[in-house]
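Sequences and hints are given; from them, build the entire structure.
First to last, the sequence lines map onto chains Z, U, W, P, C, B, S and H.
Here UniProt numbering is used: the first residue of the first sequence is 1, the next is one more, and so on.
Here UniProt numbering is used: the first residue of the second sequence is 1, the next is one more, and so on.
Here UniProt numbering is used: the first residue of the third sequence is 1, the next is one more, and so on.
Here UniProt numbering is used: the first residue of the fourth sequence is 1, the next is one more, and so on.
Here UniProt numbering is used: the first residue of the fifth sequence is 1, the next is one more, and so on.
Here UniProt numbering is used: the first residue of the sixth sequence is 1, the next is one more, and so on.
Here UniProt numbering is used: the first residue of the seventh sequence is 1, the next is one more, and so on.
Here UniProt numbering is used: the first residue of the eighth sequence is 1, the next is one more, and so on.
Think of the hints as simulated: they come from the structure by calculation, not from any bench.
Treat each hint with caution, since some may be false.
As the list claims (entries may be wrong) - Below are the BS3-like pairs computed for lysine-lysine, each with C-alpha atoms no more than 25 Å apart in a straight line:
1) Lys73(C) with Lys90(C)
2) Lys103(P) with Lys122(W)
3) Lys17(S) with Lys21(U)
4) Lys122(S) with Lys169(B)
5) Lys169(B) with Lys21(W)
8 protein chains.
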Amino acid sequence: MDLDDLLDDFREGEITKEELKREINLLEISELGDYAKLDTGRKRRAGTPEAILGEGKSPEEFSDIMIDMASNKGVGIGTRVSKDQLLELKNKNEDFELNWYEKASIVELRSEEYRSNRRIGKIGVISAGTADIEVAEEARVTAKLMGAETKRSYDVGVAGIHRLFPELKKQIDDGVEVLIVAAGRDGSLPPVVAGIVEVPVIGVPTSTGYGLGGNGRGALFSMLQSCSLLSVVNIDAGFTAGAFAAKILKSM
Amino acid sequence: MDLDDLLDDFREGEITKEELKREINLLEISELGDYAKLDTGRKRRAGTPEAILGEGKSPEEFSDIMIDMASNKGVGIGTRVSKDQLLELKNKNEDFELNWYEKASIVELRSEEYRSNRRIGKIGVISAGTADIEVAEEARVTAKLMGAETKRSYDVGVAGIHRLFPELKKQIDDGVEVLIVAAGRDGSLPPVVAGIVEVPVIGVPTSTGYGLGGNGRGALFSMLQSCSLLSVVNIDAGFTAGAFAAKILKSM
Amino acid sequence: MDLDDLLDDFREGEITKEELKREINLLEISELGDYAKLDTGRKRRAGTPEAILGEGKSPEEFSDIMIDMASNKGVGIGTRVSKDQLLELKNKNEDFELNWYEKASIVELRSEEYRSNRRIGKIGVISAGTADIEVAEEARVTAKLMGAETKRSYDVGVAGIHRLFPELKKQIDDGVEVLIVAAGRDGSLPPVVAGIVEVPVIGVPTSTGYGLGGNGRGALFSMLQSCSLLSVVNIDAGFTAGAFAAKILKSM
Amino acid sequence: MDLDDLLDDFREGEITKEELKREINLLEISELGDYAKLDTGRKRRAGTPEAILGEGKSPEEFSDIMIDMASNKGVGIGTRVSKDQLLELKNKNEDFELNWYEKASIVELRSEEYRSNRRIGKIGVISAGTADIEVAEEARVTAKLMGAETKRSYDVGVAGIHRLFPELKKQIDDGVEVLIVAAGRDGSLPPVVAGIVEVPVIGVPTSTGYGLGGNGRGALFSMLQSCSLLSVVNIDAGFTAGAFAAKILKSM
Amino acid sequence: MDLDDLLDDFREGEITKEELKREINLLEISELGDYAKLDTGRKRRAGTPEAILGEGKSPEEFSDIMIDMASNKGVGIGTRVSKDQLLELKNKNEDFELNWYEKASIVELRSEEYRSNRRIGKIGVISAGTADIEVAEEARVTAKLMGAETKRSYDVGVAGIHRLFPELKKQIDDGVEVLIVAAGRDGSLPPVVAGIVEVPVIGVPTSTGYGLGGNGRGALFSMLQSCSLLSVVNIDAGFTAGAFAAKILKSM
Amino acid sequence: MDLDDLLDDFREGEITKEELKREINLLEISELGDYAKLDTGRKRRAGTPEAILGEGKSPEEFSDIMIDMASNKGVGIGTRVSKDQLLELKNKNEDFELNWYEKASIVELRSEEYRSNRRIGKIGVISAGTADIEVAEEARVTAKLMGAETKRSYDVGVAGIHRLFPELKKQIDDGVEVLIVAAGRDGSLPPVVAGIVEVPVIGVPTSTGYGLGGNGRGALFSMLQSCSLLSVVNIDAGFTAGAFAAKILKSM
Amino acid sequence: MDLDDLLDDFREGEITKEELKREINLLEISELGDYAKLDTGRKRRAGTPEAILGEGKSPEEFSDIMIDMASNKGVGIGTRVSKDQLLELKNKNEDFELNWYEKASIVELRSEEYRSNRRIGKIGVISAGTADIEVAEEARVTAKLMGAETKRSYDVGVAGIHRLFPELKKQIDDGVEVLIVAAGRDGSLPPVVAGIVEVPVIGVPTSTGYGLGGNGRGALFSMLQSCSLLSVVNIDAGFTAGAFAAKILKSM
Amino acid sequence: MDLDDLLDDFREGEITKEELKREINLLEISELGDYAKLDTGRKRRAGTPEAILGEGKSPEEFSDIMIDMASNKGVGIGTRVSKDQLLELKNKNEDFELNWYEKASIVELRSEEYRSNRRIGKIGVISAGTADIEVAEEARVTAKLMGAETKRSYDVGVAGIHRLFPELKKQIDDGVEVLIVAAGRDGSLPPVVAGIVEVPVIGVPTSTGYGLGGNGRGALFSMLQSCSLLSVVNIDAGFTAGAFAAKILKSM
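Here is the structure:
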């Protein structure tokens, strides 16, 4: 029995106020799902799309979820997508625009009606070494798909710090409002960058490096310990960094 | 020999262009300090004050650095300040306004000329348990000292999740633009909050809990692994969280 | 020489009481095996079947042990069974009923005489994400094979907490007496659930998530640190969770 | 404006059904607190009291919270209570019955009206060494305060396994329905016990032992890896073990 | 120039005493190799053969080292030998007796002249589960090849402790002088055994178990923390355990 | 009712053989304690005395347990004994001979009737640095109290390996049958020694060293990884090493 | 606009001194790259070539970077190069001399004009076991390619310490100025060597060994804890060790 | 009997060549101590003094060892010396020059005859923050006491990287041949410095920072992972860094 009927019954005196109130309480819990999203109308329209992690899914499974998502939400974003998953998706997909970002291993499936997000601001993405580019690109493309303009400066690690300064200057001159800095191994780049610029810097450790502190642990520890102001996401969490950066822009 | 003189010499033909260029290159490195801060004029004026960590310093040492900082920068902020350090600072300080935030263990020393920052926006701070309040307050007071309005909701952990929803609603209704969520032990609160609200959420693990995953490790791991969108700072890093949140507001 | 003969010898005066006593002492140790199981008759009848872990065994080895178990105990339960192991078992098995639970990767081999356990009560199984379903199903099917009715609520993680409440309500309305909650990554679901319901909650971390706290470590730490009342099993230990939950019902 | 008034207004036609429905939705979120506790009436009456962790609180702070709790809930339970905290509480307390359990370092404050829980069943508590007794007692007293009868068998570790069997037999003969087994260092006792008895066994690692695997890590790892059926709580988490065991009895 | 010549030269007055002494000093360092082995003659004859670890070597490499060893030392022992390595060795070997121990994955290559070691005593080997047998066999065969009689008791873990006692009794009745106990997962068997028998017990953790404390970590920690008297070798170090046990017998 | 009476009843026909057998089974479990110690008579006489760990006990508690132990077993051994515990014990003790080993922090309390163990053989104890001496002495005195002759060589670490060789030679010349080698920090001494001598070597890591691998972790890891033949006990476990070495001698 | 033009403009009065100074400041940051390398001329000529890590790159990618490097810098050094990468490079390379060091898995590509470095001194490389040779060779070949003479002593671990002394003597007699010592498992060799020789010793842990402390962790910890004077590089970091050793020679 | 006598006996025919040779072999081992130090004469004269770690020693113990060392070696160096240890040493010392380096907590005791080392070169010491100064000073004073000139640049961390460049330039201009860089928390400074200068850089992590990666772990991991060329010593190992740097200079 739904709320409409209950209210009609109440108005017509078929149930008492006490009975109605008890019913409303019961409804609340089971229907919380419809109302629990706490935000203003403006934010909801620009909501964060969910990502489908390709890793660990069969091509069929992955494609089905992607198409499902695009059908229901207007857009589906797949991350860490393999060649096989991409092929299968291309075969299965009939109705949606498919955009493939190779270096980021991200695929987007979007319906015609899905309005491109309004431009929400500009995000810079910097990476230390060539091995960090895939994660950096995952962050950058994610931010882009969420409506941000993006600017990249790759391969500017601290081992050759002279390459960093002109790139940083370009980023700032270009007006980026948030910087994502991806670095593996020693993870020194984000603390260095955050010590120079005034915009918020989000550090993304990447799973590079072998031996002790390898697989991104040294980089993550270094960022958590940073003497300059950083916030951090988990190792290889490019999607989180990109989406968080976009969220910053949107929430302003 | 400084640049002015060199340029004069050059204009007057006393040194050649080649000589001048060589000198400029030499100057660059030793004088980089004056120019390396890359930001626009508007940002610099609202720059992030450095914090003086009280922990591990003698009362004398702490007080001296604080007064020094206030003299040079117009404001000094001390974190994790002990009673002894506070007393000593009160005794030594003659020239500055001293503000003590007891629950946050933060002390501020500011000169008269130090203009209060313009209001930069509103930040909400939520904490899971009573044991998390000190870190939450460190974050909140830091943000406040950097010019943000703040709103607190403490003791609303997931063990009694019904207490969380009305508090979250109040925060959102009140217009907070960034949320800082401090939690120790299981660290479940930030992932839960970030799954509900649309504003950016910064998770701060606190060093509570004993046994495996204690001292904030479980909380930090949980936040790094969060299925909903979070960025994270280190365990007990309330100052970092507060200053980062303020930086987000300022950079917009 | 066995006890019967010794007693006869003693009654007939062929051995002294001292000799008999010494012999009894010696027997005790070597025959403890027959008596050491400490429980009342009622419990023994409903005893916990042992599981055969498929992982790491060749198809032949696995099948032989399964058939052996079914022959001796009336029932054999195989967990983490691969397709190859299942095929080989199907080929080799002639005498027993074979039940395959695909999502749980569990196979049961039971003899005709093996009386279905009496219904022992109802267990609810909740999982946070799709990646947790295999472990959740391992728990659920295990409980079911041990005689419990089971009810599942999958894909209700805290990132979208509004989906959780109606599911929890259904579980409680349905009368579940124990809840098993499987979650990986941040592992926030079990603490949240245990903060809401009054029935005992068993947390099962799953080996999902990458980076720091990945492979279920973050989830396990979070559950061990839970502010609400939880008991925990190891990462991916679905069988243990299911069998433990069934044991709770049986022991009452 | 509250629901009563809204319903009156609606019945009297002062607001439309649509207006009422929108208001109800708004109310839901802020009032969820009152309804979110999902359980049947029978369970709620026997609800789990919250524990006040003495550790890390000043005697004043601790006493205030205890008296507060007793005033509001009818009963307050303090764990890991120091001598100073106990003294202060004795001084401050005027209105409640104070029960002190020295070996468990637990204090209970209860009002006259707080009806003793009905007997809910029997719980056995076993500990390996003398160093484990405090944690074992914390578990036992907790269970007792929640209405369980308890039976203890202490100092029966596997280094002298012959002492274990008669104690186990007594426990089973006595009719315990759940066993809590506390052990530090090698943590072998819970796996051994769980391999012998049929009732559910909850393992509690204690923070004993030095060197590698010390402070309870070896014991916890061993219990998580147990070949026999165990569920586990965190190191030294006697309160959790005791309350979880009592919850099992109550939920039946 | 060697010592003989130097001494001749000295006796014949061709070099002075000082010159001879200086030369002797120089010789000492470079010739230490011949004399550094500190032991009595009896021990040396029964010396510990070195093992060739098969793991990580190509079949060719492995076979060459084995044949080399057998040629030089009279015997070669290969551990963790794969099928391919065995085949290649069988093909290449012409001169030596080849003994293959399948369950232990050990191969022995011995020359005719290599006198079988005298019997040095008896070693018992116990393992907890079927997954521990390979490591247990590596230990047992190693001890056997070094001259010990061995007695095995496999699959007698603490989950069914009643199976343990009669096996232990047989071992002791049989006169074993050292016990090797292999166990993975919770590693409870060695502490239990060492609490019962009086002969020295060597614990060997095996790399079984998943989740926290998996891969033998829980077992190793448990053995290092054992309340009863144990010495320990590293995870899966069956060869070390077997050779150490044999060394005990030999040194007596 | 005890076994004697049962046997009398049986012989006199008052109970049947079946009844007697059932009773014997029941007795077995509750009386296992008296018979479970599996060893030959010779061993039992030379059994391993239990140690009372002083650490963490009050002087009173410690003294009472020591005197109790000496009264019941004829001898009590206390390890890691503080000055206060020693004083208290000296005050309380009236009946036993008290032997204090200061460098080992071990105290022995023995009755007159407690026959000194027969000499069981000779054990050498070597330590790397001065910081390792306390643990080395704990091992040496333990072995001595269990009947071994002991020989010490301290402060002969690998940083000055030339000091090691003559000491090793003396040990071997002196006829030691087992060597205990205590080392902290890099823990290189036991692998080096075990590569030189033929007698069994037991490595004892000590909790020296700071930074990564500090507190004995580096030493323990190094010993577990040793290329030469070692068995190992936990960090600082001098008592275990000494008692294990003595057990080796006794079991021969 | 570049500096030359600016200076001309300034000299010709087209811009003021203030304008020129502002422009110089701006240039500094973007042009820092050209001047930031701080060293004297002599050092720059003998600069450290960058290594291209083969691991994780496709043969095409690897070859392209190598050729690029050789074209721009005169020399390219690839480490951890696979057979496939070598083949592809051989196919693609037309212009450069290709030198392949098989045991070190290093390939060098050098232009004709690239003058062989002057001899800079002599470096010794010692390894403990056969499993350490690849890392040792990576270090040795790296040092050699940077201009050092090298001398190797392999397979001289502490398990047979008598093999070490004559090799060390040869190294010292040969005049090595720096020693690189590679060792896995227990990592005892570098502390032993550094205790004997007076030249600086660089320890390189190798990723050998299984179980606890395996994969080089035990070796690294041991070297960090060394009682004798060592500096250390990460596990398997042969290139770093070799290049660092060469840098020592060059900087003198 | 010593070698001289043996040689005399041999020359005089009182012992045979065989007898002499056997005696020489025996002597070798016990006298190795005198000859094992493998180095050229020049090095030995400038040998590395051993440091006495004050930490963990009583003032008496510390003073005795210091005076002993100074008596035997001509110089004694104490590190991590407390005020109490210094006082006691001042009281006890009568014969030696005592030099106290307060910031480094190092004390030197030297005899008149102990010739000051010749100047061996220049070492630069850089530290990131004020909390790193003690460790930096321990390194610097150590190097100085071993004969190096030293130059310090403190408080130049990457959070304000503009302060770093002029300091680096001064160091290089000043002719330092080795750089020691001490940094805690994120440990980014050594990788940055090593990417800029050409002289060898030794990284010293300091035990600063809290939370994950605290106590120097983040810094150490970062340095081990450094993309630019570093060698590393353990956390807080200032003495090792200083002595190693001096060794580099001396060995050239």
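Name the hints, by number, that the structure is in violation of. Hints 2, 4 and 5 contradicted; others consistent.
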